[in-house]
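Let the sequences and hints guide you as you build the complete structure.
There are 2 protein chains.
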Amino acid sequence: MEILVVGSVALDSIKTPFGFREEILGGSATYFSLAASYFTEVCLVAVVGEDFPESHIEFFRKRGIDTSGLERQHGKTFRWKGEYGFDLNTAKTLETQLNVFADFSPKIRPQHRASKFLFLGNIDPDLQRSVLGQMDNPRLVACDTMNYWIDHKLESLKKTLSVADILLINDAETRQLASEPSLLKAARIILAGGPKTLVIKRGEHGVVMINAKSIFCAPAYPVEEVNDPTGAGDSFAGGFVGFLAATEAADEAALRKAIVFGSVMASFNVSEFGPGRLASLTYPEIEARFREFRRLTFFDDI
Amino acid sequence: MEILVVGSVALDSIKTPFGFREEILGGSATYFSLAASYFTEVCLVAVVGEDFPESHIEFFRKRGIDTSGLERQHGKTFRWKGEYGFDLNTAKTLETQLNVFADFSPKIRPQHRASKFLFLGNIDPDLQRSVLGQMDNPRLVACDTMNYWIDHKLESLKKTLSVADILLINDAETRQLASEPSLLKAARIILAGGPKTLVIKRGEHGVVMINAKSIFCAPAYPVEEVNDPTGAGDSFAGGFVGFLAATEAADEAALRKAIVFGSVMASFNVSEFGPGRLASLTYPEIEARFREFRRLTFFDDI
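Heads up: the protein sequence lines correspond to chains A and B, in order. Reading the first sequence from the start, the letters are residues 1 to 302 in the working numbering. Reading the second sequence from the start, the letters are residues 1 to 302 in the working numbering.
Hints are not guaranteed to be accurate.
Since the list can't tell identical chains apart, any single copy or any two copies may satisfy a pair.
[Unchecked claim] Keeping only pairs whose Cα atoms sit at most 30 Å apart, straight-line, the calculated DSBU-like set for lysine-lysine is:
hint : residue 1 : residue 2
1    : Lys185    : Lys15
2    : Lys257    : Lys185
3    : Lys257    : Lys213
4    : Lys76     : Lys196
5    : Lys159    : Lys107
It is worth saying that the hints were derived from the structure and are not from the lab.
The following block contains the structure:
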């Protein structure tokens, strides 16, 4: 089943201890779409400027992504410049140029309004709800957010969360959003405010998924060579929502497998700069790593 | 089967955001012995001073721990004072008084030399090998170490590792010992130097076990109320070696279950100050949490 994703498409300049790349394809909706495209059809809703290379749009299309919702506006494309130290866990933002993204006001085309799976990437929570309001009747709404919206638009963010099925968020943001240092207690506070399921991303330490009935803990796939962690969270989200949409399910068993598929996509993504590895993957490689993940975490009963 | 453990028995003063305790029972061998005592017989080899309360020795005996190797020397008991911030991940040492522990030279009594499972706690690697040299023919030798010995006694530590079966170590120490930022690469370097299996403890982020044939990743059990992380690593080690000794096995399946039992013991331990929870546990509670751990990490095949 089709997914509609709204978020950023950017040109990133990235420095890690293993290299430097200038103005490569980036943005949350980019990583999400590429990862999800291995599982199902994806409609990308985002904005780029006049300077955005046609070759990148061609690249999306080659992966079967519907780019008819990718607006091209007068002005320059959103640019992000960041640097990672040796621990690779947190990016230091060196520069952000919002450019055309500053006035992004997503319009959902009539042919996309019936999408049953919706991913609201990390944008202004007002815009997230405006997108949701344009949709017919999505079956599953997942969303992302970041510390900036917790700091500056908390009330609007809470309204978005009250209508979301799944919130994907990192551990520091979980604690910040709930003003509570214990991760589990913070999760319960957030769940009380709306989303049925909370997916807490902990980078190289894996993922915890919490809902009213259960907790699922998955380690990150141990990657020998991490070259660039940019897009790990978004490629995780793409694999996660992508698998759910492909199987048209969102029960506990499906959610758990989706978490593992998300982890698999993130693990591939970080091995190369930018979204490079998400271009060259094959589905058998993804399945093989899913099975390796089972072997990595399996232990017998007593 | 019996375990012999050599390490520290101390009086700890601990401050966490949730309280303060002065001169309570502590030390690596204390936490290890108490956790392991739920699985098998344990002989404790350590040194205390004249001021060490008889009630603590009584406490060990009540848990069935053989204290005949616990020497009492002239002088004061080893004291450690530490503080944890809200993240609870790293202790800040405020004061260390080695006292009688400074001249600790463990003598293994004849009746203990036949122990088949040996745990060399975090002491001078010269002493670790001296203990090993006094043993008849242990079937499994596990050891711990810390950054101090990596900094000050690296060559001696390498000799100890060359004769150990299992090294338990945290992630920062793994990277430091191998001078390699990638955890997996660092692990391979350490394994090339001797130990057959490396158990990397990552605190609230779980455990990674690596040997030549496989990798096993286990999350930490999600604890709602962490009150005092002191002894988490040692109670993990106690559950881990305790289970192996009880089942007299060290194949991959047993090692994986042992990792989970170690995680279970650590998760109980951190819920109360000092080793308090390790006194009040029951084996059915331990088994129930092992099974909960399976539910926490289980996902279906595709």
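How the hints compare with the structure:
In this assembly of identical chains, Lys185 and Lys15 lie within 30 Å of each other by CA distance solely across copies; the values are 22 Å between and 36 Å within a copy. Both within a single protomer and between protomers do Lys257 and Lys185 lie at most 30 Å apart by alpha-carbon distance, with minima of 25 Å and 28 Å respectively. For the homomeric pair Lys257 and Lys213, the shortest alpha-carbon distances inside one copy (17 Å) and between copies (25 Å) are both at most 30 Å. Taking the shortest alpha-carbon separations for Lys76 and Lys196, neither the intra-copy value of 38 Å nor the inter-copy value of 56 Å comes in at or below 30 Å.
Taking the closest pair of Cα atoms, Lys159 and Lys107 come within 30 Å of each other only inside a single copy of the chain (20 Å); across copies the shortest separation is 67 Å, beyond that limit.
The structure is inconsistent with hint 4 alone, although it conforms to all the rest.
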